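Peer 1: The listed protein sequences derive, respectively, from chains A and B. Using our numbering, you'd call the opening residue of the first sequence number 1 and step up by one each time. Using our numbering, you'd call the opening residue of the second sequence number 1001 and step up by one each time.
Derived by calculation from the structure, the hints in this document are not laboratory data. Owing to the predicted nature of the structure, the values given are computational and were not obtained by experimental measurement. Just to be clear, a hint being listed does not mean it is correct.
What follows is a list of derived Cβ distance ranges for each label pair [claimed, not checked]:
#: 1; chain 1: B; residue 1: K1034; chain 2: A; residue 2: S228; range: 55 to 61 Å
#: 2; chain 1: A; residue 1: G101; chain 2: B; residue 2: L1009; range: 49 to 55 Å
#: 3; chain 1: A; residue 1: G76; chain 2: B; residue 2: I1453; range: 46 to 52 Å
#: 4; chain 1: A; residue 1: K20; chain 2: B; residue 2: G1434; range: 52 to 58 Å
#: 5; chain 1: B; residue 1: P1212; chain 2: A; residue 2: L107; range: 48 to 54 Å
#: 6; chain 1: B; residue 1: S1113; chain 2: A; residue 2: S35; range: 57 to 63 Å
#: 7; chain 1: A; residue 1: N139; chain 2: B; residue 2: D1067; range: 39 to 45 Å
#: 8; chain 1: A; residue 1: G101; chain 2: B; residue 2: D1096; range: 55 to 61 Å
We treat Cβ as the ideally placed atom computed from N, Cα and C, and that holds for glycine.
Each chain, written out:
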Amino acid sequence: MRGLRLLPGDINLSFIPRRKIFFVISILLMVSSISLYMKNGLNYGIDFKGGILIEIKTIDGPANVKTMRSNLSGLGIGEIGLQEFGAPNEILIRIQSQEGGEKAQQLAIGQVKKALGNGIEYRRTEFVGPKISDELFWNGIYAVSAAIVAILIYVWFRFEWQFGIGAVLALVHDVISTIGMFALLGLEFNLSTVAAILTIAGYSINDTVVVFDRVRENLRRYKTLPFSELLNKSVNETLSRTVITSVTTLLALTALFVLGGEVISDFSFAMIWGVLIGTYSSICLAVPVLLYMKIERRSSSGNNEGEEAVAE
Amino acid sequence: MMILGVCALGVLFVAPNFLSIKQAESLPSWLPHKQLSLGLDLQGGSHLLLEVKVDSVLKESLEALIDTMRTTLRKARIRYSNLGIDGLAANVTIKDIADEEQALQLLKSLDSSLSVDFLGSGNIRLEMTEKTIRDRRTAAIEQSIEIVRRRIDETGVREPTIQRQGQVRILVQLPGIDDPERVKRLLGKTAKLSFHLVDERQEPSVAGRVPPGSILLPSNDEVGSDGRPRMYMLKKRVMISGDTLADSQATFQDNQPVVSFRFDTIGGKRFGKATTENVGKLFAIVLDNKVISAPVIREPILGGSGVISGRFSVQAAQDLSLLLRAGALPAPLTILEERSVGPGLGADSIAAGKTASMVGMAMVIAFMIVTYGRFGLMADVALIANIILIGAALSLLQATLTLPGIAGIVLTIGMAVDANVLVFERIREEMRAGRTPISSIDAGYSRAITTIIDANVTTLIAAVLLYQFGSGPVRGFAVTLAIGIVTSLFTAIMLTRLMVATWLKKTRPDSLPI
């Protein structure tokens, strides 16, 4: 049995010649992401904002959100958000961080539970104090920055510094556009989002490195091929792998998004977006950027790797 | 051989997870019996992050220091002014220059852990040294952890985790507790108990006039005519303190819930002496600066035990006796973070995670077979082996599996085949370049391997940082992701290569079905 070819083996699409189109798309994406972030801000979850989150399930029948809202708004504990969460009898309650220190938060949780009365299953109660939310926020920033720096160093170490720049550019592109996506859709931005962003960074760089690897190999193989053609060839040669791996990853993530439950659906969504954008940025951003950097090509006399001078 | 051995070990280590806890425990000891430990978000439970207000310990000891300084100077008939606390130091000004030297000597002999400085013109400063501050803080945290542990143990929570986190924090994890109200209530009290004589010379309602040596404290539950808590004027001197208690129980007296207590030998003697000397007077039982009750001493209490009655509910009496048994916290605790998950949500998350992994895996398996035929099938075997190895590694390391951790496994399912995809694509290329099957396969594996390693190291970097900076469930994600990368390298490269080589030997094909 011979396997199905998703893409023909001798595929040859023009990526590098169309690079300007991709650059324009990416710049537009960046600009709109940043302005969306400026305009809408992010819908921070309690991890970063502090506050209280309670998930409940009403035991008999669907929840009466209206009654709940009026019961809770009478408590005078500030803005309260109620949202159906996956099923009509499951409600997510968000309460803003209370004035008056940690004790006041505990008091508010007690008040809410009292106001909701009986017949309710408490599925989740989370409270994050201002001290912790601050720390979590900064830890998230550190983690993402440290990841970018560490990956830059690794790629620099394994390839040349120009490759490192290309990889990190693609990475920053992915991170910013993911943040833009969250700002656009108003999805909750919390700790798992940061985890998703870091994983997206890992995935995107993974894709980039595979193409870079081929570029490096081809640089040794084809000493005279024009650089832009060499880049285009490298992308096409690895395109089948790029697509297939993206498909398997997307298959798994889609299963997680659809079946994995409400708690991690935002996380899975972020990851799906990240795989798409990561694949795009590796091919259409990280590689063409190399064209604008002076990558030293060894003269045809030196064949330092020794394993293969000319194939074909 | 080794490759198959590792896989067999993987099966062995993952196997206990399919048994019930009882069955796993009854396995012979030479067999692995460790099961996956589920995070609180999956098994249900409560996570509390507490902060010890250590500075209150320092403040208290400074206040005590001021008291000692006052009595010392008075005894030596040294006139002084401006006695007070300034940050982590105590200041005093000696009025008469002639007394300076003597005062300095006296204050120096007070406490060796203080640095005493003469600042000129009568000013003396007693400062806590860095080391003292550090030691006091450490002692306060360690004692707090001990008391927290005792209080939680008394509530009967199974297998709680109580550990120090950072400088002044305590992490408490309570599996199976989805409503930690009682624990929070118990941890919210320092439970400092003391017995004072009531200062009966003066009517406490005269506000603002507290004679030296006395303190004004509110009642715990009695309300005065103005609707505010009734105030008591007490002698400041502690007649006897709660740290000499040996036991305490909630019981009933005249059908009212009360709390009985018993002093240790020393405390009992002191209590006996104090009650003998003060028959007919009122004494107050004070808990966390609130007067619980102030009965009359009718007769000397010599047995070293007594009863506190204070209009308690049954629950309140039980809580109080528990707090007295476990001892007082050296400093108040605040709850910085709470995350509680009910058993319902946990079970739902496990079920959803299982379905998602199964479906995700089925889709990836099918896709690989469609794309690579027989080779895809081999990659699928490797994928299944990979999942088994992840489970085995998690059980063996006793790493905690969380909901994001399950997400990490599902993601690994999707990404694990990448190494095989890289190899197979390379083989296809080599075939197109006109190589023989065997040489194509050799070249495919040897050329793809550097790419595979480079690509995976970068993901590993992301996972390590995630573990470093993440907390709780997110760490679980980092763990499964990292384990998944390592095991997938093993299964996708070594295991499939073994399968491919075996198949080659058997069939010696002219062309590859890839």
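Peer 1: Work down the list of hints and note, for each, if the structure agrees.
Peer 2: Comparing the hints with the structure gives:
Range check, B:K1034 to A:S228: about 56 Å between beta-carbon atoms, so the 55 to 61 Å window is met. With their beta carbons about 52 Å apart, A:G101 and B:L1009 fall inside the hinted range of 49 to 55 Å. Separated by about 60 Å at the C-beta atoms, A:G76 and B:I1453 break the suggested range of 46 to 52 Å. Between A:K20 and B:G1434 the beta carbons are some 37 Å apart, a value that contradicts the proposed interval 52 to 58 Å.
In this structure the supplied range 48 to 54 Å is violated for B:P1212 paired with A:L107, their Cβ-Cβ distance being about 36 Å. Between B:S1113 and A:S35, the C-beta spacing of about 59 Å keeps the proposed range 57 to 63 Å intact. For A:N139 and B:D1067, the Cβ-Cβ distance of about 43 Å falls inside the hinted range of 39 to 45 Å, so the restraint holds. Remark: the range hint 55 to 61 Å for A:G101 to B:D1096 is contradicted by a beta-carbon distance near 46 Å.
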